[in-house]
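Just need the whole structure built from these sequences, with the hints factored in.
Top to bottom, those sequences are chains R and Y.
Each residue of the first sequence is one higher than the one before, counting from 841 in my numbering.
Each residue of the second sequence is one higher than the one before, counting from 841 in my numbering.
Treat the hints with care, since some could be wrong.
Heads up, the list lumps identical chains together, so a pair's fine if it works in one copy or across two of them.
Stated by the list, open to error - Using 25 Å as the maximum straight-line C-alpha spacing, the simulated DSS-like pairs for lysine-lysine come out as follows: (1) 1018 - 981; (2) 1080 - 1002; (3) 981 - 911; (4) 911 - 1018; (5) 1018 - 909; (6) 981 - 1080; (7) 1002 - 911; (8) 909 - 1080; (9) 1080 - 1018.
These are computed hints drawn from the structure, not numbers from a lab.
Treat the numbers as computed from the prediction; the structure is a model and nothing was measured.
2 protein chains.
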Amino acid sequence: MGGDVAPETPVAGAVRAARDLPIEVVLIGDQALIEGQLARYGRRPANVSVIHASETIEMDESPVAAVRKKKDSSINVGIECLRDHRVDALVSAGNTGAVACAATLLLGLLPGVERPGIGLLLPGLHGETLLIDVGANIGPKPLHLLHYALMGEAYARFVLGKMRPSVGLLNVGEEETKGTEFIRETYSLLQNAGINFIGNTEGRNIFMGQCDVIVCDGFAGNVALKTAESLAHAISHILKRSLARGPIRRLGAWLCRDAFRGLRQEIDYAEHGGALLFGVSGVCVIAHGASTAKAIKNAIRVGYESVRNNVTRHLMEAVQPAAPVP
Amino acid sequence: MGGDVAPETPVAGAVRAARDLPIEVVLIGDQALIEGQLARYGRRPANVSVIHASETIEMDESPVAAVRKKKDSSINVGIECLRDHRVDALVSAGNTGAVACAATLLLGLLPGVERPGIGLLLPGLHGETLLIDVGANIGPKPLHLLHYALMGEAYARFVLGKMRPSVGLLNVGEEETKGTEFIRETYSLLQNAGINFIGNTEGRNIFMGQCDVIVCDGFAGNVALKTAESLAHAISHILKRSLARGPIRRLGAWLCRDAFRGLRQEIDYAEHGGALLFGVSGVCVIAHGASTAKAIKNAIRVGYESVRNNVTRHLMEAVQPAAPVP
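Right, here's the structure in full:
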């Protein structure tokens, strides 16, 4: 029931995933609406089923209040399915705060973890970068960022297959003395965490792909991500407008249409799938509210790969040594 | 002496500015080096002169220590020239922290202002947005953001010519309840500031140009700006690489070369000039370290226009009603 065009887009993405991946897809939400959408695809794939949830948490609702009140919302029911092992992974394009809150309250956190963080894999010039946190924890303690670093490192190792993932701390400069008190405390925790900590890294490195994992407070991460989104949108809009001016440019644009398509695929992170909620006791994937069917399918793929790679166990083991609060 | 290629690029930009604008350009720094660069332009324009400064503050030096120690650095001498009214505006592509620190210590702040903020005018889809602060004040109080809002509003009014500039607060969501305690306190100050405060605004609006002024803490602002820079770089690189693949694409790219040039002009904020240091008792313009000669010229233009529009007086008057600390 989540995302800008629901349940149409999530159902479309789920049907694609059911066709492409060796998984069972369970759609959770208003059964009549979902069945109505499924009917559009002719014969329903055998690996798609529906679990009814009578309520929906809207995008603008306060997460904590909504999760407490709407016990039969698709988000609550989905998290309960995950807790009760009726599903192995949950994907939602709905209210991110509500998913994080329901996961925290109903599913629980990994031992030692105090606050979940959202990790998004961003495409970059020289490879991908996992940015944690992009908005779940806007006023974190240094310890929370240590946990994100440990979990991110484990994810890069076990899911992305990096031998010795590099981890950076997002800051306003690269020198060790730069930044706030919070940053300097976090820096010293990361230095002693037994990971390949490369020190401070600036916003200018996020899309360079030179660092495997970058940790940050959720406020800065969210602002950075949405600013990038806005710039990409502005660039694409200005370029389109400009390329449509006059027959010669239109011909030129037509000749390079594949290059533009390739660029879109490379930079559009929605096409790369969803973000993982790090620190909860199960696989929760957060998809963008504006996800296309393809993005939903890719988010489901992220969930599938996370389960197949035992992500939850690896993340739990990664945090364990740091669990006793220093 | 500031910027990646100094004094070559600053001198080149200064010569261009001296030709295009009705101003006297004073170059401050190592006289021999500057004269050497000037000699490349044949007959020096009559409105260009040099003031010698024997030291240089490097980009990686700690601002406070460097400003205290290097009393004859080009930054210190420049700020003193501004204080003593030997120049009306100062432009620097050097160590930003050192410029902000020297301005605070040697020039002084406007009455009531506690910390300067850097305001950068960003191009957007529907117009420009002034973002304050992009890195001078990484741990601000709500009062500091109130001052940035009041000064930014005055700048939009008196320099950009907006009738009733809109002011937004950068946050992770648009609802009034979103964000940290710091954000909520700032929100309530802005609501009662007698300006056209439109409430919270997200990173996704920065390059939309729908809000004239956006205020934020310098940490988030710096991260957002540098992330955007990195994305723009990545997009341009990927596109270039992709357009060079095969003769048909190369032909297409050649046919639309003007469109790409137009895009670069529209989005490259370095081409739009420098950032203004808001809250100090004089016109200080901060240029990007990677500024081209054209960007330096545009930064000088920003200084010229700020002086011509009496920016310092307008900013002082804007902060005055808020000066008694609440």
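What label fits residue 1018 with residue 909 when the C-alpha limit is 25 Å: within, between, both, or neither? between (44 Å within a copy, 19 Å between copies)
25 Å Cα cut-off: does residue 911 pair with residue 1018 within a copy, between copies, both or neither? between (46 Å within a copy, 23 Å between copies)
From the Cα coordinates, with 25 Å as the cut-off, is the pair residue 909 and residue 1080 best called within, between, both, or neither? Neither way: residue 909 and residue 1080 sit 45 Å apart in one copy and 52 Å across, limit 25 Å.
Using 25 Å as the alpha-carbon threshold, which applies to residue 981 and residue 1080: within, between, both, or neither? neither (43 Å within a copy, 42 Å between copies)
Pop the pair residue 1080 and residue 1018 into one bin, within, between, both or neither, using alpha-carbon distances up to 25 Å. neither (40 Å within a copy, 35 Å between copies)
Measure nothing new, just compare the shortest in-copy and cross-copy C-alpha distances for residue 1080 and residue 1002 to 25 Å and report within, between, both or neither. Neither way: residue 1080 and residue 1002 sit 37 Å apart in one copy and 28 Å across, limit 25 Å.
Please sort residue 1018 with residue 981 into within, between, both or neither, judging by C-alpha distance up to 25 Å. both (18 Å within a copy, 19 Å between copies)
For residue 1002 and residue 911, with the copy left unspecified, which applies at a CA distance of at most 25 Å: within, between, both, or neither? For residue 1002 and residue 911, neither the intra-copy (40 Å) nor the inter-copy (49 Å) Cα distance is at most 25 Å.
Checking an output row: residue 981 and residue 911, CA cutoff 25 Å. Within, between, both or neither? neither (30 Å within a copy, 39 Å between copies)
When each numbered hint is compared with the structure, violations occur for hints 2, 3, 6, 7, 8 and 9.
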